[in-house]
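K.L.:
Listed below are the residues making up each chain.
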Amino acid sequence: MNRIEYKGLEVETNAPIEELAAQAEDGTNRSAFLKRAAIFGGGVAAVASGSMAFPAASHASKASDIEILNFALTLEYLESTFYAIGFDKAPLDARSKRLAKVIRDHELAHVKALVSTIQSLGGNPVKKPKFNFNPDQLYSSQQAFLQTAMALEDTGVSAYNGAGPALTLVPVKKAAASIVAVEAMHASWVRGVAGTAPAPLAFDQALTVDQVLAIAKPFFG
Amino acid sequence: MSDLDVRDPDVQEAIEQTRGAFLRKAALLGGGALAVSAGGIFTADALAHSKSDLDILNFALTLEYLETDFYDRARRGEFGNLNQGVQLFAEVLYSHEQAHVDALNAMIPALGGTPVSAPATKFPSLNQRKFVTTAIALEQTGVSAYGGAFPLLKSNDVKAAALSIHSVEARHAAYARLVAGTLPAHVAFYPALNKQQVLDIAKPFLA
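In the order they appear, the protein sequences are chains V and R.
Per the numbering used here: the first sequence = residues 1 to 221.
Per the numbering used here: the second sequence = residues 1 to 207.
I should point out that these hints are in silico values taken from the structure, not numbers from a laboratory.
Beta carbons: idealized from backbone N, C-alpha and C, even for Gly.
Warning: the hint list may mix true and false statements.
Unchecked claim - Here are the simulated DSSO-like pairs of lysine-lysine, each with C-alpha atoms no more than 30 angstroms apart in a straight line: (1) R:LYS130 / V:LYS62; (2) R:LYS51 / V:LYS101; (3) V:LYS97 / R:LYS130; (4) V:LYS112 / V:LYS101; (5) V:LYS101 / V:LYS62.
To be verified - FRET-style restraints, in silico, Cβ to Cβ: (6) V:THR208 / R:SER117: 35 to 43 angstroms; (7) R:PRO204 / V:PHE220: 24 to 32 angstroms; (8) R:LYS154 / V:PRO218: 48 to 56 angstroms; (9) V:ASN70 / R:SER125: 48 to 56 angstroms; (10) R:LYS154 / V:LYS127: 34 to 42 angstroms; (11) V:ALA214 / R:VAL187: 46 to 54 angstroms; (12) R:LEU152 / V:PHE220: 31 to 39 angstroms.
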């Protein structure tokens, strides 16, 4: 992993820029986003509604997608728990506190969506695992919190990228794409706040399940 | 906004590391981008499904050309003087988008296709602020374009390559939003766009 010392990222918000960014979002992106959100119906929402049947999917492909979704769910539980504790306990400044809160909420939304999706496919969602977070290491300082967050987010991106090609059902593929993009945004955000390069590589790596588990293992109780 | 200097040797090194790391990572891609550029080792699966995947890859190439050109103009000063943090942002994104162009240009012929040429582009007169907000719009569109294309891809090799780019576009979008001082990750699920929707957004920049 490349680390870039990056004082430049501690961006002092320049009001006119922020204003323009907000305008860009409100004017072009927000209304477009709402339209897209409606289009997005084929993804998580439709799956979560439980009304979508998968008549064409073979039993085997469904089972394999469920297995991947359950693996993703385990990681999302890990992330959401980490941020929930970090938000409550880590000594964070306002900027990092906001990050912890927003990302925690996103990860919780991913947990809910994955649980619903697995159920709608006829699968059994895994239970929330027991975690073993070392408070001294993870929550003792803001930097410790951010370093762990960075490792979790970068791993999450690579986990979804590694699993993606094996997915078989289109609604599941859509859901996975919609989540991995947000994981990558989190990774970039955390890295920026930690003072390192938000996008260190031109291509993100893919990791296998075993590689991901090896990285995540210390967090499981 | 920033006391970072792109002429600083450390920063130069960081950019160079990004490029070197790209080559190493591309090697890790295996069935993805680099295997292709190294001599067209594609699986039978990829070749069998190449036709519809090729259309998608060529569409992605057009967007990557557009992004590359945009950041190249920015880093060369076409949008006015950029402060150091924004200059670095432009340099890093330029190098990534150029790497995506190179990878797609290698992959398409390996699958038996012909890469599209770089499109003629046009950008309005932008200052630093508008450059950053335009970058946000372009990167977000890129994320949604790859997100929309992924479920349509047939070959696992192409899917792996597309995913390795998709998440980098998402990192770029968050980076641009960070530079602009706005919330880097603003939704829990990122929306997808289809080809026509992407074209409608990109059209003003295509001459």
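K.L.:
With reference to the structure, classify each hint as holding or not holding.
P.N.:
Right, here's what the structure says about each hint:
1. R:LYS130 / V:LYS62: Violated, at about 46 angstroms.
2. R:LYS51 / V:LYS101: Not OK: LYS51 (chain R) and LYS101 (chain V) at ~45 angstroms, beyond 30 angstroms, violated.
3. V:LYS97 / R:LYS130: The given pair, whose Cα atoms are some 29 angstroms apart, holds under the 30 angstroms limit.
4. V:LYS112 / V:LYS101: Given pair LYS112 (chain V), LYS101 (chain V) holds - Cα atoms ~17 angstroms apart, limit 30 angstroms.
5. V:LYS101 / V:LYS62: violated (34 angstroms)
6. V:THR208 / R:SER117: 35 to 43 angstroms: Between THR208 (chain V) and SER117 (chain R), where Cβ atoms are some 37 angstroms apart, the hint holds.
7. R:PRO204 / V:PHE220: 24 to 32 angstroms: violated (50 angstroms)
8. R:LYS154 / V:PRO218: 48 to 56 angstroms: About 38 angstroms separates the Cβ atoms of LYS154 (chain R) and PRO218 (chain V), which means 48 to 56 angstroms is violated.
9. V:ASN70 / R:SER125: 48 to 56 angstroms: Taking Cβ atoms as reference, ASN70 (chain V) and SER125 (chain R) lie about 52 angstroms apart, which means the hint holds.
10. R:LYS154 / V:LYS127: 34 to 42 angstroms: holds (36 angstroms)
11. V:ALA214 / R:VAL187: 46 to 54 angstroms: violated (31 angstroms)
12. R:LEU152 / V:PHE220: 31 to 39 angstroms: holds (36 angstroms)
When the structure is compared with the earlier hints, violations turn up for hints 1, 2, 5, 7, 8 and 11 and for no others.
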